[in-house]
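> So the chains spell out like this:
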Amino acid sequence: MMGVVNTIRAIGHRIINAVWRIGVASRFFFLTLLYSGNSFRRFHLIIKELFSSGVMSLIIIVVAGLFVGMVLGLQGYETLKRYGSESALGVMVALGLVRELGPVMAALLFASRAGSAMTAEIGLMKATEQISAMEMMAVNPIARIVAPRFWAGVISMPLLAALFSAVGIFGGYLVGVVQIGVDAGSFWSQMQAAVDFREDIMNGMIKSLVFGVVVTVIALFEGFDAPPTAEGVSGATTRTVVTSSLAILMLDFVLTAIMFRGA
Amino acid sequence: MERTTLDLWVGMFVVAGIAALVMLAMKVGNLGTYNVSDTYQVHAYFSNIGGLKPKASIRSAGVLVGRVTSISLDTERYEADVVMSIDKRYPFPKDTFANILTSGLLGEQYIGLVPGGDTAMLKNGDLMKQTQSAMVLEDLISKFMYSKASEAAK
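Chains as they are written, first to last, in this note's numbering: chain A, 1 to 263; chain B, 1 to 154.
This is chain A alone, in the form it adopts within the complex (with noise of 0.2 Å):
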């Protein structure tokens, strides 16, 4: 008996717990874009957090956009084969990759590469009470180190999705024109018949604005709210690899369902 009421109990306590720590996280956003305005106006501090999350990320973005382009051509072909229609080729990879595979894949990329390197940055500032020491000398934390990231990450995740695509769609170039021999012509004019300015590739931009926002306000938040100690780090860093994979992927399927459906 004693032990269905605990479980009951702790059920309770963790999704008591669980909005508990949405409402702050929301409180925490809704302050990271009132104290944007200064870091704005030092942008020296957003340039130097655009180099450690969107430059860094350069290589790994481009090396898997690469592969997963040739992937992409080399079972797109075997498929398209059979119907007898590989000079589709070039249709499939590239709206594979503009709709779906370039914005969640270099968000995922993204939130592995620079997200969890910020939660341990700033989990690590809170354990050394750098972040308190800031406050005592009235420098507010959240202007000062939060802000900076938070925008640096919105820049840069749409340009390496862009990027992650476009090398992407050549990876699939490379495999079906170059290695295949699909004819280049018409992977080409089908591919631009196809992908509309607009609703194609517009759209994967603002899917990957969205997980820009919603990966660094993860990865910001869980390392302002890590516990100080070594192992809340580390825990935090994990979670917020695992979070925002999560949100990134069920924010697609309602994105796409929103943008894409009857078209």
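The hints are all genuine.
List time: in silico DMTMM-like cross-link candidates among lysine to aspartate or glutamate, alpha-carbon distance up to 25 Å:
hint : chain 1 : residue 1 : chain 2 : residue 2
1    : A       : Lys81     : A       : Glu100
2    : B       : Lys94     : B       : Asp126
3    : B       : Lys88     : A       : Asp196
4    : B       : Lys55     : B       : Glu79
5    : B       : Lys129    : B       : Glu79
6    : A       : Lys48     : B       : Asp7
7    : B       : Lys53     : A       : Glu199
8    : B       : Lys53     : A       : Glu100
Hints were generated in silico from the structure; no laboratory data involved.
Start from chain A and add chain B according to the hints.
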């Protein structure tokens, strides 16, 4: 303001990202190939449009000359009202014939324009009177079955 190598890297990153976006727009998307502004709009009524969708291409002699803008059902005639935007560079005679065709056996449907001999040209807002509806596969099959059945009865 002093310049650092950091700024250079960030600049390169931003330029690469924007270049990728421009490349996507021009090389992959249709922004480079099709200009929306210079078009004139023409109506046509079809008794059946089959699987025609907005943004389907309009071709004449196989050349892309425009796109379908909107499709709606006219409740006075109970026919599909198809609005087409055609590139201003390509004027068509008033008695141009509009057919709904299919590219390949399972491909998407498009409108094919066959120009007539009229000297007056179509203007913005004009109606194309001669149209031919989409071929619906089920109708074709049922026609074929009927003709086979009547052959067998003879």
